[in-house]
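Peer 1: Okay, here's what each chain looks like letter by letter:
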Amino acid sequence: MSIRVENLVHIYDKGMPTEQLALDNISFTADDGQMIGIIGHTGSGKSTLLQHLNGLLKPESGRIIIGDTDITQPGVSMVQIRKKIGLVFQYPEYQLFEETAAKDVAFGPKNLGLSEEEINERVREAIELVGLDYEEIKDRSPFELSGGQKRRVAIAGVVAMRPEVLILDEPTAGLDPKAHRDVLTMVEEVHRRTGNITILVSHNMADIARLCDKVVVIDSGKLVTAGTPYEVFSKKEELRNVGLELPPVTQFTETLREKGIDIEDTILDTDKAAQQIAAYLQRKAK
Amino acid sequence: MIRDITIGQYFPGNSVIHRLDPRVKIIATLLFIIELFIVDNFLGFAVAGVCLGIVIAVSGVPLGYIVRGLKPIIIILLFTFTLNMFMIDGHILWQWGFLKITTEGLRTAVFMAIRLILLIIGSSMLTLCTRPLSLTDGIERLLSPFKIIGVPAHEIAMMMTIALRFIPTLLEETDKIMKAQQARGADFETGSLIHRAKSLIPILVPLFVSAFRIAQDLAMAMEARCYRGGEQRTRMHEMKLKGRDYVAFLLLALFLAVIIIESILF
Ligand SMILES: Nc1ncnc2c1ncn2[C@@H]1O[C@H](COP(=O)(O)OP(=O)(O)OP(=O)(O)O)[C@@H](O)[C@H]1O
Ligand SMILES: [Mg+2]
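Protein sequences, first through last, are from chains A and B. Its first residue numbered 1, the first sequence is counted upward by one per residue in this note's numbering. Its first residue numbered 1, the second sequence is counted upward by one per residue in this note's numbering.
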């Protein structure tokens, strides 16, 4: 399964004074098993892009080819698409509505028309996959959980549909450092276990650099660049121009390089930075 | 979709209509509505229609946008139309079993339909061309003489301001929640009536939760800024009638005169 987005254009409120070009000719691809990161300044069109990928928004022009179906064609079954593509919205905890957490997670699978047993099994699996204790949480009201727990229950609600592509729109927004780490570990775990495409929007450059195979940068609806984290983060000028920053460790190593310390460029992880600096110090001591 | 609802929305612009004093516009709208109920022949509607047309043209609000606002009431319109058409006795034009259409019925049906359409377009012009804030300011000022008999003018205006302010927010919230549940495979469009009513629960519960959260945040923010009702509050923009407002009053008087003469003569 792969995703190809070709020349996607989206206009909000067409024909009104508030008309706005939200996506302007976006193209990129995602191949099987990849973790794709989408980054961009606030209001750059990331959420708009994601909502096209499962047919919630219709483009003005352009194509989205998932596997071998073009989902922008009329007559494509939306239910089938949503079965394949799971989308977790920004602040997904606001969509919780059931009496108990387990029932809420079961909402998606139920809509797929699965059997009672299958639903129960998936709900248990999804809740455990997001790092919660099924027995402890299943009968509690989703409204009395903590923020981080709510977020996880909401994500479990999409994971339980076993989508072939999992899309998460800023899954860590507004979480404390521990919950942030937990949610990301969980996303990694789900990605590793299913081996499917995962698409992640985040404002945290360190997470993007660490987790993703490919990074897509957009600004005011236009594609700025796409490529491996190394390729993207080595275009420092371009990133700064669109209001993005390097991951902290890269900022640090780049500052060292400016000061004339001879280490590799665009180092994206802390271990490698430590090794390089240690090696430099040893060379210097000789 | 849900964002197509334009009733009560403001359409940004800078026309003379937009710049008129809100009090003038409120009074004009009230007179227009009263006029629609006084009129009892098509000529009167024609006069009202032409005047409304001029106002729309001057305001610069696209006609398509206004007509789109009529969409939600099409059902009501059709309902009253058919009801009037079949229910009124008189000279029979067409009959099939117990169903019959009479000249009088047809006339009343068309009459009521025109009245409703003019009524809705006329009153939506007020909100389309007036910022919610100045609208409620205008209402407050118009109500303030009644303070003596205990009408809480400021409180009423404040509640209206808040309600108007949060209509778009709640629509946006609804849109978001609907999309999120659709992403989980929810289907709002097909199925039996009971099924569809049930499918509203996943939207309504989160919507109420959001509404309460928003209300609580707002109350807290108002208290944090020491809001305490209307007494001795001064305002940043004092409302003053300008030349164009007096011209508008003159035109309004002319309109009234024409309508009164018309209904006496015909
Ligand atoms: N439903 C809508 N109607 C009209 N305009 C919209 C709508 N949703 C988003 N926009 C506009 O489209 C642009 C892109 O918005 P989008 O939500 O895709 O940005 P984003 O990259 O997800 O931002 P953030 O990082 O803040 O989530 C913004 O300028 C926004 O104002
Ligand atoms: Mg967003």
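In case anyone wonders, no lab produced these hints; they're calculated from the structure. Careful, some of the hints might be misleading.
Just so you have them, the derived chain A footprint on chain B, three or more residues with Cβ under 8 Å [stated by the list, open to error]:
1. 182 to 188
2. 205 to 211
Rough simulated footprint, nothing fancy, chain B against chain A, three-plus residues with beta-carbon under 8 Å [stated by the list, open to error]:
3. 50 to 57
4. 154 to 161
DEER-style ranges, computed between Cβ atoms [said to hold, decoys possible]:
5. A:R240 with B:L133: 49 to 57 Å
6. B:G64 with A:E264: 38 to 46 Å
7. A:H41 with B:L43: 55 to 63 Å
8. B:T80 with A:H41: 31 to 39 Å
9. A:A206 with B:L78: 53 to 61 Å
10. A:T29 with B:G64: 36 to 44 Å
11. B:A224 with A:G260: 34 to 42 Å
12. B:I167 with A:R240: 38 to 46 Å
13. A:Q20 with B:G64: 50 to 58 Å
14. A:G260 with B:A219: 38 to 46 Å
In this text the structure is predicted, and so the values were computed from the model without any measurement. Even glycine gets a Cβ: it sits at the ideal position worked out from N, Cα and C.
Peer 1: Now look at each hint and say whether the structure bears it out.
Peer 2: Do the hints match the structure? See the list:
Check result for the stretch 182 to 188 of chain B against chain A: holds, 6 residues qualifying (beta carbon to beta carbon below 8 Å, three or more required). Given a C-beta distance limit of less than 8 Å, the hint that chain A covers the stretch 205 to 211 of chain B holds, as 4 residues qualify and 3 suffice. Residues of the stretch 50 to 57 of chain A lying with their CB closer than 8 Å to a CB of chain B number 3, which satisfies the three-residue condition for coverage. With 3 residues bearing a CB less than 8 Å from a CB of chain B, the stretch 154 to 161 of chain A meets the requirement of three and the coverage assertion stands.
As the Cβ distance of A:R240 to B:L133 is approximately 39 Å, the hint placing it in 49 to 57 Å is violated. The hinted range of 38 to 46 Å is not satisfied by B:G64 and A:E264, whose Cβ atoms lie roughly 59 Å apart. For A:H41 and B:L43, the Cβ-Cβ distance of about 59 Å falls inside the hinted range of 55 to 63 Å, so the restraint holds. Judged by the Cβ atoms, the range 31 to 39 Å given for B:T80 and A:H41 is violated: they are separated by roughly 51 Å.
Between A:A206 and B:L78 the C-beta distance comes to about 59 Å, which sits within the given range of 53 to 61 Å. Judged by the Cβ atoms, the range 36 to 44 Å given for A:T29 and B:G64 holds: they are separated by roughly 39 Å. At roughly 52 Å, the beta carbons of B:A224 and A:G260 sit outside the given window of 34 to 42 Å. In this structure, B:I167 and A:R240 meet the distance hint of 38 to 46 Å, their C-beta atoms being roughly 40 Å apart.
Here the CB-CB span from A:Q20 to B:G64 is close to 18 Å, at odds with the stated 50 to 58 Å. Checked against the given bound of 38 to 46 Å, the beta carbons of A:G260 and B:A219, roughly 58 Å apart, lie outside it.
When held up to the earlier numbered hints, the structure conflicts with 5, 6, 8, 11, 13, 14 and fits the remainder.
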